[in-house]
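**Q** Each chain, written out:
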Amino acid sequence: EPEVTQTPSHQVTQMGQEVILRCVPISNHLYFYWYRQILGQKVEFLVSFYNNEISEKSEIFDDQFSVERPDGSNFTLKIRSTKLEDSAMYFCASRTRPYTGELFFGEGSRLTVL
Amino acid sequence: AQKVTQAQTEISVVEKEDVTLDCVYETRDTTYYLFWYKQPPSGELVFLIRRNSFDEQNEISGRYSWNFQKSTSSFNFTITASQVVDSAVYFCALSEYLSGTYKYIFGTGTRLKVLA
Numbered sequence: 005e006p007e008v009t010q011t012p013s014h015q016v017t018q019m020g021q022e023v024i025l026r027c028v029p030i031s032n033h034l035y036f037y038w039y040r041q042i043l044g045q046k047v048e049f050l051v052s053f054y055n056n057e058i059s060e061k062s063e064i065f066d067d068q069f070s071v072e073r074p075d076g077s078n079f080t081l082k083i084r085s086t087k088l089e090d091s092a093m094y095f096c097a098s099r100t101r102p103y104t105g106e107l108f109f110g111e112g113s114r115l116t117v118l
Numbered sequence: 621a622q623k624v625t626q627a628q629t630e631i632s633v634v635e636k637e638d639v640t641l642d643c644v645y646e647t648r649d650t651t652y653y654l655f656w657y658k659q660p661p662s663g664e665l666v667f668l669i670r671r672n673s674f675d676e677q678n679e680i681s682g683r684y685s686w687n688f689q690k691s692t693s694s695f696n697f698t699i700t701a702s703q704v705v706d707s708a709v710y711f712c713a714l715s716e717y718l719s720g721t722y723k724y725i726f727g728t729g730t731r732l733k734v735l736a
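Protein chains in written order, with my numbering: chain A, 5 to 118; chain B, 621 to 736.
One thing to keep in mind: the hints can contain errors.
To be verified - Distance condition first, Cα-Cα at most 25 Å in a straight line; then the derived PhoX-like pairs of lysine-lysine: (1) Lys623(B) <-> Lys61(A); (2) Lys82(A) <-> Lys723(B); (3) Lys658(B) <-> Lys87(A); (4) Lys623(B) <-> Lys87(A).
To be verified - FRET-style restraints, in silico, Cβ to Cβ: (5) Glu676(B) <-> Asn55(A): 44 to 52 Å; (6) Phe674(B) <-> Asn32(A): 40 to 48 Å; (7) Lys733(B) <-> Ile42(A): 38 to 46 Å.
Claimed, not checked - Some, not all, of what chain A presents toward chain B, calculated at C-beta under 10 Å: (8) Tyr39; (9) Val47; (10) Ser52; (11) Glu106.
The set of hints was computed from the structure by calculation and includes no laboratory data.
Where a beta carbon is used, it is the ideal one built from N, C-alpha and C, also for glycine.
Given the sequences, and given the hints that come with them, work out the whole structure.
**A** If you want it as structure tokens, here you go:
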């Protein structure tokens, strides 16, 4: 069964370092999302992406964050200069058309900023 | 304004008991979708069910059932004869069309502990 895959599963980094989280959405899906979940808390929307551009972003998604679909299969989230409070589980999700689709999530990438 | 409310932060039941997880939502759309996701201790988010706003039929899938009531803006989830493997955090989510895009909003989750 097709699935969303994310790498790495866990990354530990020093504060101020750049981090790139990678996702391979399901191949026929066209809408892509990043969500964040700080340990034990709610699943928070970061950004949605369609047709090679951001369709919406939350207030969390500030200038330190960026997304890219560099090669038609990968979908990446970059954090330029990590802060302690960026420590969280980051989930990539995708959905297909039409709109009625549910989000399919990857298994998440746990980011720990020291 | 909070769009999806899961008032139960944590529920503990003994195995084989039935348990209902509540979800109340808020939207101005006439067309919207509701979802339940399960997050087991391993951390992934597993899709359980989708419901559209025009279909108020209740649904049953094995030990799981869902009760959608537009009159009370609720979409509750019942697990019958709970098992230890049901222990997880369960998230209710709403999808609505806002500002030219479809936005998915999650509730804060209900942690279910099923004790042997």
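**Q** Now tell me if each hint is right for this structure.
**A** Hint-by-hint comparison with the structure:
no. : hint                               : in the structure
1   : Lys623(B) <-> Lys61(A)             : holds (17 Å)
2   : Lys82(A) <-> Lys723(B)             : holds (22 Å)
3   : Lys658(B) <-> Lys87(A)             : violated (29 Å)
4   : Lys623(B) <-> Lys87(A)             : violated (29 Å)
5   : Glu676(B) <-> Asn55(A): 44 to 52 Å : violated (34 Å)
6   : Phe674(B) <-> Asn32(A): 40 to 48 Å : violated (26 Å)
7   : Lys733(B) <-> Ile42(A): 38 to 46 Å : violated (21 Å)
8   : Tyr39                              : holds (8 Å)
9   : Val47                              : holds (4 Å)
10  : Ser52                              : holds (6 Å)
11  : Glu106                             : holds (5 Å)
Hints 3, 4, 5, 6, 7, counting from the list given before, are not met by this structure.
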